[in-house]
Amino acid sequence: MKLNGRFWLSALLGSSVATVAVLADSTDAVKVDDSIAKYAKVDGVRGNVNVVGSDTMVNMSTLWGEEFKKIYPEVNVSVEGKGSATAPPALAAGTSNIGPMSRPMKPEELDTYTSKKGAKPLEIKTSIDALAVVVHKDNPLANLTLELVDAIFSKTRKAGYTEDITTWGQLGLTGDWANKPISLYGRNSASGTYGYFKEHALAKGDFKSSVKEQPGTAAVVQGVAEDLYGIGYGGIGYITPGVRAIPLAKTFSDKVFKPTYENALSGKYPLARYLLVYIDNPPGKGPDAVVREYVKFILSHEGQEIAVKDGYMPLPPAIVAKELEKLNK
Amino acid sequence: MAHQPNLKAIVLDRIAAKVIPGAGLLVVCCVLGILVFLAYVAIPLFLPARASVAVVRGDKAACLAMDFVEGTAEPWWVTGEGVWRLENGSPVKVEIPGYAKARPVAAANAGISRTTGIVFDDGRFALVRVEKRVDGAVAALALDEQTFSAVRPDSICAARDGEGHGKLARLAGGIVTVCGPAGLGDAVETPLEISDAIAITLSNDAKTLAVARNSGEVEIWNVEDLTETRRTQTLPAASSRITALAFLLGDETLVTADDRGAVLGWMRVRHVTLTNSGSTEAQVLGDRVPAGKSVVVRDQDHSKHVTKDGPVRVTPGGLLFLKARTFPALHAAATSVAASPRNKCFAAGDASGGVAVYHGTTEQRNIAIEPPVPLPAKRVAFGGTGSELGAWHDGLRTWTIQNPYPDVTARALFAPLWYESYPEPELVWQSSSGTQESEPKYSLWPLIFGTLKGTLYALLFSIPVAFAAAIYVSRFAPASLRSWVKPAIELMAGIPSVVVGMVAALWLAPLAERALCGIFVGGTLFPFVFAGIVALGGRLTEKPGARPVPGLELAGALVTLLATVALATALSGPVERGLFHGDFRQWLFEKLHIHYDLRNGFMVGVALGFAVIPVVFTIAEDALANVPASMTTASLALGATRWQTVRHVILPAAASGLFAASVLGLGRAAGETMIVVMAAGNTPILDPAPWNGMRTMSAAMAIEIPEAPVGGSLYRVLFLTGLLLFGFTAALNTVAEIVGTRLRRKYGRN
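Quick note, the sequences are listed as chains U and V, same order. If you're matching positions, the first sequence starts at 1 in our numbering and goes up one per residue. If you're matching positions, the second sequence starts at 1001 in our numbering and goes up one per residue.
No wet-lab data here; the hints were simulated from the structure. Here the structure is a predicted model, which means the values were calculated and not measured. One or more of the hints may lead you astray.
[To be verified] If you want a taste of the chain V side facing chain U, the calculated C-beta under 10 Å gives, among others:
#1 Asp1299
#2 Asp1301
#3 Pro1316
#4 Trp1429
All residues carry an ideal CB built from backbone N, CA and C; glycine is no exception.
Could you put together the complete structure from these sequences and hints?
Right, dumping it as structure tokens:
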């Protein structure tokens, strides 16, 4: 039986109040699991750590770099974050040795890298990010489904919603809000966030041309905080008091979930992703000592705490163990 | 003795005579160098694609399928005897572990999974991958084995689903059977209700099956769940028979090729169902819906054009394939079609032996390989990186193809293209995405349009202000005032544009939005206030023989401005409440369907105009001041007022200088980057309205060059954009220079 979207919408919004009330209890205080080992200093580590890549991860990378330098004062650390797409070319050209990316490398990026370096890079998971759909803090919208998010942001609406959503009334808001136009904010196309959102929220469709592309997630959040009728998306780490993250459901028939640690880990929150770093992994030799230690630091208790401090979510111990194993192969 | 200093002077003079033109020449060379470099990077976009023969080897065996060893350009192929590859130019058999005794009876490439599905004579079916291991040895790997009834099919098609399981459709005697896992992994075989099938293909995600029938129709089946297969669509019959078909990467486009060589692209396009519950025929966007009936039509925002309580309801109509692309025809009947695993390219072989590579988005034939032998090209296949192409005529043939920019053509850059998932052809700039399955959209019009729009609004704001200021400063202002006003305005040019952009985006834009009604009221009131002040001021100062009071005009202008602002502030509240229901922005949206965006053309006009004013002002002021005093004094002596002198003598005389000033301002505005990046919202839209934003060519370059893989399509397209912008500003500056020279000649000064 097919029901039309509007029906589901009202049903969803009706039931949402209760759901959100329940979910609101799961507090956002995230702790790094105590079984993740503290970082142990190794002798003889020197050299350069050049980090080029994701903008989403730039704050976190800077913090990691600073702490790492405190442990190894001889190591030079530089961090640059213009977008995930800048990571593979920098790694391939040798101008960087750490490539943070908020999405996995695309096959053609891997091709170019592999043809230059002769071997595939090593992909390490560093932390978990939930991509939040944010609205102004005074916006009464309770929740959304990915179909609706798609209909708001996409001109191709591949997730299947029929109507093009341009006003808040179409999302069930009433009163003053009913006729207010929706103002769209998004990331620039160099960012992994842009690509991730396009693939997972827009079902690989296209953004509307009216999405205002901002050069950083902070600018998106700033734009929405200034624009009462704005909506945008970005990493959960950038949320400020001026905006509110909307709980999401995959489809109209699913439950809505807030972007919390539990929901991201369990995969219930539909827009959660791993934040990655790529490093050189020459066959036979393995990663450089300094790079290896830097990655070990990221995967240590201290490194994971930095991720939490920057608003992201730490890896569970099982994944940390798996990632460390990759380094020792 | 007297010659000594002269000698020094002569030497210096000689050096200067060499160095100065040399430096000038160097500048010219640098500019030309930039031009050449831009062109050098952009030109490869338009070089034709090439195919060079890599391997040719005769083989009388019938090839069931061919593929390439993963990560290499080495071919491997399947015959009734087993799986083969080349080593030092001669075929060697590749053992598939567990299949030593089994003989392949049918095989097919399983799309982007980079595996080939093989059906063996004992009924087993496996997805086979041949790859080069780390130690250099080449080995075959059977990925997912299932057993079905041991039927010898005429042909098969295979795909790998999201869980990694193989799915297979086999064609035997016109009957199609879909085989694969269902439910908890049990293998099932589901025959479809078709008895005259001649060609089949599965989508890369193993969810859709396309079946070409002898009748000329193509049926689309949903085979996601093998216990519940259903026909979703029948593509209309053609007078010819479809002999080969394939889904392109992303599964949004189905390519069909027929026995006359015609190649068509069918795209999934969103449809809606219009249901008319009324008693008379209704019409929505030109689509007629008879009373009591429902029709399925292509979604063109129909839901916006029905009234909520009207008789017509709009419900989803699903994604249906629509004939959207026509490719250049093959020379003879199509025999085989294969899609590239990397982009929207596909290869087609025909009965005369020709092989062609097409690009799905641009409808271009990139490569046409003449028949190497007059025998049908029975199989065609792509390798893993999309640059290896293989075909089987009377043996193995492979080519290395160089087709790096199939997605950029003059048409893609400048004409509307019908992209996948779009309801109609459009001009779109959306250059990148997270996956290779999306088509990059490189239409330059939105960028060119954005540049023109930004420039236009900047000039609308800056030219009147700058000209008025120039006229005032050069002809009316007292010398004491002139001595500081001119440098002050010129100092504006020194403000970094990123600062202007930041102030405009973060401070002015939200302010303007809050004060939108005030700005509107102020704009409306200004002429009246101005007229009032002029009348008042005229009455006060109009005395026979009175000399102009220095600086009085400036005071008048300030009073006008302040009065307007004060009036607007005072009135905007009541006006907004009385006329616009308390919210001007909302009133605009509801009554005039104007969506006032925070990042908009008006804002950019002001910010960009602020950067342009000093340029225009300086040159305009020079031009006005350079009008010979003889002309002005003559005019004044003949009894003309100062304004009449300006209007009829100075302005015409300085017209070419003013023109040059505007043109230089235009060039400055067109090339400006940081202000538009920050304040324009970077929305690549084709809408000239001042209440929404734009993406200019310069902003697109600044934002997107960091993401563009060096040497890739986007990288080169951005350089092409740079070349166009360079050409545009160079042309403008040349015009300004020529006009300026004419001006100087005319008055013989400077």
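To see whether the hints hold, each was checked on the structure:
A distance limit of 10 Å between C-beta atoms decides the matter here; for Asp1299 (chain V) the minimum to chain U is near 7 Å, and the interface restraint holds. The restraint placing Asp1301 (chain V) at the interface with chain U holds, with a minimum CB-CB distance near 6 Å, inside the 10 Å limit. Against a cut-off of 10 Å between C-beta atoms, the interface hint on Pro1316 (chain V) holds, since the closest Cβ of chain U lies about 5 Å away. Contact between Trp1429 (chain V) and chain U, as hinted, is supported at the beta carbon level, the nearest pair being about 8 Å apart and thus within 10 Å.
Of the numbered hints listed earlier, not one is contradicted by the structure.
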